[in-house]
Structure formats: structure tokens, C-alpha cells
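Novice: Each chain is listed here by its residues.
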Amino acid sequence: MENLDFARLQMAFTLGFHIIFACIGMVMPFFMVVSHKKWLNTRNPLYLELTKAWQKGVAIFFVTGAVSGTALSFELGMLWPEFMKHAGPIIGMPFSLEGAAFFVEAIALGFYLYGWHKLPKKFHWFTGIIIGISGVASGILVVSANGWMNAPTGFDYVNGEYINIDPVQALLNPAWFTQALHMTLAAFVATSFAVAGVHAFQVYRNKRPELHKKAFKIAIVFGAVAAFLQPLSGDFSAKDIAERQPVKLAAMEAHYETDTNVPLYIGGIVDEETQTVSHKIAIPGALSFLAFGDFDAEVVGLKDFPADELPPVAVVHYAFQVMVGIGTLLMLAGLLYFISLKYKSLLKRNWYWLLFVFLAPLGFIAVEAGWVVTEVGRQPWIIYGFMKTSEAVTPMPGMEFSFYMYVVVYLVLALTVTWLMRRQIKVLNSEKD
Amino acid sequence: MLYVVLFFLLFSLLLYVLLGGADFGAGIVELFSSPRNKRTTRDTIYRVMGPVWEANHIWLIILIVILWIAFPVYFNVIVIYLHVPFVLVLLGITMRGVAFIFRHYDAIVDESQVWYNWMFRISSFITPVFLGMSFGALIGGKIILAEDFARYSFVDLYMLPWFNVFTLLVGLFYAALCAFLASTLLIGETEGEVRKIFSRKSAYFTIALVVLGFILIIYGYVQDVKFIRDFIHNPVSLAAVGLSAFLLVPLWRAINRQNRIASRYLAGLQVVLVLFAALYAHFPYIIITAEKELSLLEGLPPQSVISNLGMMLIIGGGVILPGLFHLMKSFGMIKILKTGEDEMGK
Numbered sequence: 001m002e003n004l005d006f007a008r009l010q011m012a013f014t015l016g017f018h019i020i021f022a023c024i025g026m027v028m029p030f031f032m033v034v035s036h037k038k039w040l041n042t043r044n045p046l047y048l049e050l051t052k053a054w055q056k057g058v059a060i061f062f063v064t065g066a067v068s069g070t071a072l073s074f075e076l077g078m079l080w081p082e083f084m085k086h087a088g089p090i091i092g093m094p095f096s097l098e099g100a101a102f103f104v105e106a107i108a109l110g111f112y113l114y115g116w117h118k119l120p121k122k123f124h125w126f127t128g129i130i131i132g133i134s135g136v137a138s139g140i141l142v143v144s145a146n147g148w149m150n151a152p153t154g155f156d157y158v159n160g161e162y163i164n165i166d167p168v169q170a171l172l173n174p175a176w177f178t179q180a181l182h183m184t185l186a187a188f189v190a191t192s193f194a195v196a197g198v199h200a201f202q203v204y205r206n207k208r209p210e211l212h213k214k215a216f217k218i219a220i221v222f223g224a225v226a227a228f229l230q231p232l233s234g235d236f237s238a239k240d241i242a243e244r245q246p247v248k249l250a251a252m253e254a255h256y257e258t259d260t261n262v263p264l265y266i267g268g269i270v271d272e273e274t275q276t277v278s279h280k281i282a283i284p285g286a287l288s289f290l291a292f293g294d295f296d297a298e299v300v301g302l303k304d305f306p307a308d309e310l311p312p313v314a315v316v317h318y319a320f321q322v323m324v325g326i327g328t329l330l331m332l333a334g335l336l337y338f339i340s341l342k343y344k345s346l347l348k349r350n351w352y353w354l355l356f357v358f359l360a361p362l363g364f365i366a367v368e369a370g371w372v373v374t375e376v377g378r379q380p381w382i383i384y385g386f387m388k389t390s391e392a393v394t395p396m397p398g399m400e401f402s403f404y405m406y407v408v409v410y411l412v413l414a415l416t417v418t419w420l421m422r423r424q425i426k427v428l429n430s431e432k433d
Numbered sequence: 434m435l436y437v438v439l440f441f442l443l444f445s446l447l448l449y450v451l452l453g454g455a456d457f458g459a460g461i462v463e464l465f466s467s468p469r470n471k472r473t474t475r476d477t478i479y480r481v482m483g484p485v486w487e488a489n490h491i492w493l494i495i496l497i498v499i500l501w502i503a504f505p506v507y508f509n510v511i512v513i514y515l516h517v518p519f520v521l522v523l524l525g526i527t528m529r530g531v532a533f534i535f536r537h538y539d540a541i542v543d544e545s546q547v548w549y550n551w552m553f554r555i556s557s558f559i560t561p562v563f564l565g566m567s568f569g570a571l572i573g574g575k576i577i578l579a580e581d582f583a584r585y586s587f588v589d590l591y592m593l594p595w596f597n598v599f600t601l602l603v604g605l606f607y608a609a610l611c612a613f614l615a616s617t618l619l620i621g622e623t624e625g626e627v628r629k630i631f632s633r634k635s636a637y638f639t640i641a642l643v644v645l646g647f648i649l650i651i652y653g654y655v656q657d658v659k660f661i662r663d664f665i666h667n668p669v670s671l672a673a674v675g676l677s678a679f680l681l682v683p684l685w686r687a688i689n690r691q692n693r694i695a696s697r698y699l700a701g702l703q704v705v706l707v708l709f710a711a712l713y714a715h716f717p718y719i720i721i722t723a724e725k726e727l728s729l730l731e732g733l734p735p736q737s738v739i740s741n742l743g744m745m746l747i748i749g750g751g752v753i754l755p756g757l758f759h760l761m762k763s764f765g766m767i768k769i770l771k772t773g774e775d776e777m778g779k
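Those protein sequences? They're chains X and Y, same order as listed.
Here my numbering is used: position 70 in the first sequence is 70, and no number is missing along the way.
Here my numbering is used: position 152 in the second sequence is 585, and no number is missing along the way.
Note that these hints are calculated values from the structure, not bench results.
Keep in mind it's a predicted model, so treat the numbers as computed, not measured.
C-beta atoms are modelled at their ideal positions from N, C-alpha and C, and glycine is treated no differently.
Heads up, none of these hints are tricks.
Below are the DSSO-like pairs computed for lysine-lysine, each with C-alpha atoms no more than 27 Å apart in a straight line:
| no. | chain 1 | residue 1 | chain 2 | residue 2 |
| --- | --- | --- | --- | --- |
| 1 | X | K426 | X | K207 |
| 2 | X | K52 | Y | K762 |
| 3 | X | K207 | X | K38 |
| 4 | X | K214 | X | K52 |
| 5 | Y | K762 | X | K118 |
| 6 | Y | K575 | Y | K725 |
| 7 | X | K122 | Y | K762 |
| 8 | Y | K762 | X | K121 |
| 9 | X | K214 | X | K38 |
| 10 | X | K388 | X | K303 |
| 11 | X | K37 | X | K122 |
| 12 | X | K426 | X | K217 |
Simulated restraints on C-beta separations:
| no. | chain 1 | residue 1 | chain 2 | residue 2 | range |
| --- | --- | --- | --- | --- | --- |
| 13 | X | A12 | Y | F679 | 48 to 56 Å |
| 14 | X | N44 | Y | E544 | 34 to 42 Å |
| 15 | X | S278 | Y | L578 | 50 to 58 Å |
| 16 | X | F13 | Y | Y652 | 37 to 45 Å |
| 17 | X | F386 | Y | A540 | 48 to 56 Å |
| 18 | Y | L730 | X | G385 | 27 to 35 Å |
Negatives, chain X to chain Y, calculated, CB over 10 Å:
| no. | residue |
| --- | --- |
| 19 | T258 |
| 20 | G267 |
| 21 | E273 |
| 22 | F295 |
| 23 | L346 |
Please build the complete structure, drawing on both the sequences and the hints.
Specialist: Put into C-alpha cells, the structure is as follows:
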């Protein structure tokens with residue numbers, strides 16, 4: 001493999017790692033403040049205990065997200081210096097705003113974590129809200145910068161120079177809204193189901209079920225609502241991609257021939273050599289309809305794009321299938337939760353809790369798959385239509401060593417954090433046992 | 434607006450050196466404490482730094498973001514030629530951050546604390562050393578701006594510029610500066626016997642700082658490092674260093690009297706003077722490569738980008754600074770608390 005491949009692997013790996021921590025750090029504060037509010041309203045000590053347990057989680061994930069984010073802000077330049085040199089001034093605005101949002105979050109976190117018994121109760125609770133809001137704002141802003149890579153606007157490209165830069169237009173690029181909406185909802189779905197799953201497992205094991213059921217409920221409500229909204233936002237995204245990045249859409253659907261009334265493929269095995277897809281389920285006309293709202297609309301196939309501008313089709317197609325499949329599954333799980341509100345007998349079944357344990361990691365797999373679709377689907381471009389990834393990579397050789405080092409460090413880190421979470425739960429369960 | 438951006442660039446640099454530095458320094462002080470005092474130092478650090486330590490490090494991100502938006506050419510040189518030391522810095526920042534949170538937030542306190550503690554102490558020491566080495570490389574005059582990267586070996590382009598005696602001295606100097614800042618800051622946060630420990634530490638690190646600074650200047654002069662030559666021949670820079678040397682006297686008195694406010698401000702002033710002296714002689718030519726000096730103002734992005742960033746910084750500063758100030762004030766007032774347990778509201 002070449003330097004470029006290792007640089008891409010490293011970027012994928014570190015981003016993939018950061019996304020998980022960032023999502024949890026972004027969503028968990030909301031659980032924490034809901035539980036905190038319930039404690040303030042009901043004075044039920046279980047809620048206080050839960051709030052304290054979650055705030056430790058928030059602190060741990062915030063810091064891990066923050067350090068991996070700091071590393072990323074350097075890595076963007078260190079791996080892709082040519083990209084940052086040109087893109088930096090254009091998409092600096094979302095990043096500088098994100099820096100501000102992140103700062104606000106760190107300040108609010110300082111107040112919240114250390115403010116117990118020291119700050120007025122309402123203000124203390126309110127700083128928790130600020131953590132959540134600024135976290136979501138950071139996420140939206142960073143995704144907006146990524147949206148610009150998919151839909152570069154706010155400059156003129158003349159003779160290899162990026163001129164007439166308009167940072168506001170770059171921030172509000174055509175992709176920012178659909179991408180940010182999709183990602184924010186995804187963060188809520190993934191984190192909520194993960195947290196709900198962790199607590200469902202404790203209920204299943206019958207460890208302090210009265211506490212963990214409360215935790216489960218707070219988390220799953222967020223998750224179920226978000227999972228229901230997600231297909232809607234996915235539809236916005238698909239229509240947006242169909243219009244602006246037809247080649248990405250074609251790769252997502254592994255759709256080779258240009259045609260009208262195009263079927264939607266579910267599953268299927270992609271053969272990039274022969275440019276065919278076998279073993280798929282085809283729904284007639286559905287892709288034309290989903291992409292353009294018209295069963296007879298024409299969808300351009302991969303064969304009609306220049307061969308050197310095609311992304312790796314199989315990877316994008318499989319990732320897309322995984323994302324949509326999991327999304328559907330989680331939506332059904334959300335439905336099951338709403339049903340269980342009416343039929344409370346479900347809550348007494350072991351399989352009900354086991355099901356949510358099984359679902360716990362799936363949301364994050366979907367998040368990762370979604371990013372594979374966005375990022376791999378954009379290849380070979382780093383700035384869609386303007387700069388290729390191969391032109392942006394660092395001239396420094398030996399990226400494989402850097403990649404291996406990051407893999408080892410981040411894996412150790414991920415294992416340690418998992419281990420810490422287990423210890424947190426263990427202590428939570430052992431109290432008042 | 435360019436000046437607004439430049440102001441915020443220098444302001445973030447200064448605050449990172451001061452606040453981030455004090456933060457790193459706290460770990461260094463702990464590293465160089467006797468086993469008996471390590472525990473006390475650890476608790477004091479948590480009490481003092483806990484609420485603000487995350488905010489202290491965001492200045493680095495602000496700094497990077499300003500560099501990459503407004504000074505892309507400059508940023509490009511840093512990220513290409515200083516890739517290796519920055520990987521080490523990032524590793525250090527990561528280790529340090531997680532070790533700090535692990536050791537204070539782990540639900541079970543057992544022998545794994547030993548690991549967290551050592552991880553925190555070691556990374557607190559090596560991170561500023563590598564940061565200092567990176568800065569040393571920028572001014573050391575050994576970076577080769579390559580047109581054709583294949584013509585040079587890996588070692589010539591990516592190792593030698595930052596891995597040499599001069600940069601190591603700069604790195605150690607910065608680490609000493611951090612430790613000096615931290616120990617001086619901690620004097621004001623403790624009482625009785627502990628206070629004495631920190632004031633003794635502060636004196637030691639001041640001596641280390643002065644000695645290292647002296648060696649650094651002599652070595653740079655003898656080795657004909659352009660940065661040091663210009664520095665010595667620049668009257669303003671020299672005056673700033675002279676003033677900082679002169680101010681050591683009242684600083685020492687303040688430390689000796691365990692004066693909380695005066696020692697803190699004087700220590701801060703020392704850093705301002707050292708930073709000013711270092712930057713003034715070359716401003717805006719802050720990168721000195723083998724062939725030429727690279728101006729910070731070279732290859733600036735269009736005016737619209739600069740003015741936009743300037744506005745962002747003014748607005749952002751207006752939101753953040755009062756909040757940060759309030760945070761520091763809120764927790765600065767709360768004096769002696771026993772352990773970390775208290776802080777989490779247990």
C-alpha cells in the first residue's frame with residue numbers, strides 16, 4: 001500500500017474513533033439534565049444517583065472526545081497539508097465557531113461538575129443544559145465543514161487558485177443542513193440505544209432494576225423519537241445527494257446503467273470487475289422515486305461517469321445497506337418501546353430487555369457506516385470536483401508507522417474507557433445492594 | 434481587522450503558554466516531588482485545576498484554528514516539517530488528558546491508580562518538552578523548504594530540524610517555565626506546611642529556568658543560531674529580558690513571603706516578557722528556515738476571510754472571556770477542600 005492509503009486509513013480510524021466519543025459526549029448531557037430535573041422535581045434519590053453516575057460518564061467521554069478532537073484538528077493539517085492550505089481560509093468559519101462552542105461547553109462542564117452545593121440550584125442545572133446545547137452546536141458546525149467538502153461553495157476557482165472567498169456562503173453550503181440534521185439525529189439514536197442497552201442489561205441481570213429502568217426510560221425516549229425522525233432526514237439526504245453528487249448516489253445503490261424507472265436494490269453482491277450486482281432484491285421504480293420523487297425519473301449509472309472518478313462501489317454500497325438496515329431495525333425497536341407503554345406486561349419479559357442489549361452497539365455501527373458512505377463515496381475527491389485526495393496528502397513518507405501507532409493507542413484507549421464504564425456500573429450496582 | 438486577528442493569535446498563544454503551561458507544570462511538579470509529597474501535590478492540583486483544566490487547553494485549538502484560517506502558508510510549514518514532534522505532542526496531550534480524568538473519575542480506587550499517576554506525570558513532562566522542541570525547530574534555522582521532496586532523506590527533512598541540542602534546550606526551558614508557573618500558582622492555593630513545599634518548589638524551578646535560559650542563550654550564540662544572535666543584538670528584546678531578570682528580585686521576595694497575588698502576577702509577567710522578547714526581535718518573521726525567514730504575513734488569505742475571522746473572534750471573545758473569568762473566579766474563591774470526592778458532590 002502507498003503512503004496515501006495509510007494516510008487515509010489513519011484519518012478513517014481516528015475519525016471513526018472520535019465520532020463515537022463525540023456522539024456520546026454530545027447526547028449524554030441531555031440524559032443527565034433530564035434525570036437532574038426529575039431529581040429536582042421529585043426528590044427521588046434514585047434520580048440523584050443516576051445524575052451523578054451519568055455526569056461521570058459525561059466527563060470521561062467529554063475529555064476523550066476533546067483530546068481525540070484536538071488530535072484531529074492537527075491531523076487535518078498533518079495528513080492533508082495541501083487541502084488545509086486552500087480549504088482552511090474557506091471553511092475556517094465553522095471551525096472557529098466550533099472552537100467557540102467547544103469553549104463554552106468546557107466552561108459549562110467546569111461549572112456543572114464542580115458546582116454541586118456551590119452554585120444556585122437552577123443555575124447549576126442550567127449549566128448542564130448549556131453543555132448539551134453547545135455540544136450539539138459543535139457537532140453541527142463540524143459537519144457543516146464536512147458538508148463543504150461534498151458541496152464546495154463560497155469561492156471561485158480560477159487557474160488553480162481559490163479566489164473571491166465568501167466564508168459565510170461556505171458555511172451555509174448546500175449540504176450542511178441535510179448532513180447536520182442526519183448526523184445529529186444519528187448521534188441521538190446511537191447514543192440513546194447504547195445507553196439504554198447498557199441499562200437494559202442491568203435490568204435483565206436484575207441488578208437494581210428500579211434504578212436502571214428509570215435510566216433506560218430516559219435514554220430510550222430520546223432514541224425512539226430520533227429513530228422515527230431519521231428516515232425522514234435520510235430521504236432529504238438522498239434527494240440532496242441525487243442532485244449534487246449523482247456518482248455517490250449511484251455507488252450507494254450499486255447502480256451501473258443509466259436508465260429511467262430505476263429499481264432500488266436491497267442487499268446484493270457487487271462485482272466491480274464485471275460491473276454487475278447479483279443476489280439482490282429489486283423494488284421496481286423505487287430508486288427513481290426516492291431520489292427524484294418521480295417513478296419515471298432518469299438516474300445516471302456508474303458507467304456514465306469517468307472511470308477515474310468512481311469511488312470504491314462495493315464498500316459504499318455495503319456500508320449504505322448496513323446503515324439503512326440498522327436504521328430500520330432501530331425504528332422498529334422504538335416502535336416496540338412505544339407499544340410497551342401501552343402493554344406493560346412486555347416489561348416483565350426477559351427477551352424484551354435482552355433485545356435492547358443486543359441493539360446497543362448497532363447505532364454506532366450505523367453511524368460509522370454512514371460516514372463510510374459520505375467519505376468513501378466522495379472519493380477520489382477531497383474537495384468534490386476540485387481537489388483529489390491524492391493531491392492533498394502529506395509529502396512525508398512513512399505514514400504506515402504513524403497509522404500503526406494510532407491504532408494501538410486508540411485501541412488501548414477504547415478498551416480502557418470500556419473497562420472504566422464497567423467499573424462505574426459495578427459500583428452503581430453494588431451501592432445499597 | 435488583520436490586527437484583531439494577530440492580537441487574538443498572540444493572546445491565545447500567551448494564554449496557552451500561561452494557563453496550559455501552568456497545567457503541564459502541575460504534572461511536572463508532581464513528577465519531581467518526593468514520594469511523600471506526591472499525594473498532597475496530586476490533590477492540590479485536582480482542587481485547583483479540576484474545574485478549569487479543560488478550558489486551559491482549548492487555547493491550543495483556538496491557536497491552531499486561527500493559524501490555519503488566517504496564516505495558511507505558515508501553518509503548512511508547521512504541519513509538513515514538524516509532523517513527527519507534533520505526533521509526539523498529540524500523544525502526550527492524549528495520554529495526559531485521559532490519565533487525569535481516569536485517576537480522578539475511576540469509580541474504583543485500586544492499584545490502577547499507579548498507572549494513571551505515572552502516565553499523567555510523564556506525559557505532563559514530555560508534552561511541553563516536545564512543544565518547546567517544535568517551537569525551537571521553527572526558529573532554529575534548520576528546516577529545509579523543499580521543492581522536490583524526493584531529493585532529501587527523511588532524516589534531513591523531518592528529523593534533524595527538530596531533533597538537536599538547541600531544540601532540546603528550548604524544550605527543557607519551556608518545561609521549566611511550566612513548572613515554575615505551576616509551583617508559583619500553587620503557593621497561593623495552599624496553606625501551612627504544603628504552602629512551604631510549593632514555595633520551595635517555586636524557588637527551585639525559578640533557578641532551573643534561569644540556568645536553562647542562560648545555557649540556551651550561550652549555546653545558541655556559540656552555535657551561531659540566527660534567532661539568538663538577532664535576539665541579543667536587538668535592544669528591545671534585550672531590555673525585556675533585562676527587565677525580567679530585574680523583576681526576579683521582587684518575585685523571589687513575593688515567593689518567600691508566600692504572597693498569593695504578587696507572586697502570581699509577577700510570574701505571569703515573567704512569561705509575558707520572555708515571550709515578548711523572543712517574538713519581538715523577529716516579528717513577523719517567526720519561522721526561520723535554512724534558506725530564509727518566513728513572514729507570518731506571507732500569503733495571507735483575502736481580506737474577506739481575515740475580516741470575517743476577526744468578527745468571529747471579537748464575538749466569540751465577548752461570549753467566552755466573561756464566562757471563563759466567572760468560572761475561574763467562582764472556583765478560585767473556594768479555598769481549601771479536602772479531596773476530589775468533595776468536588777463531585779458525593
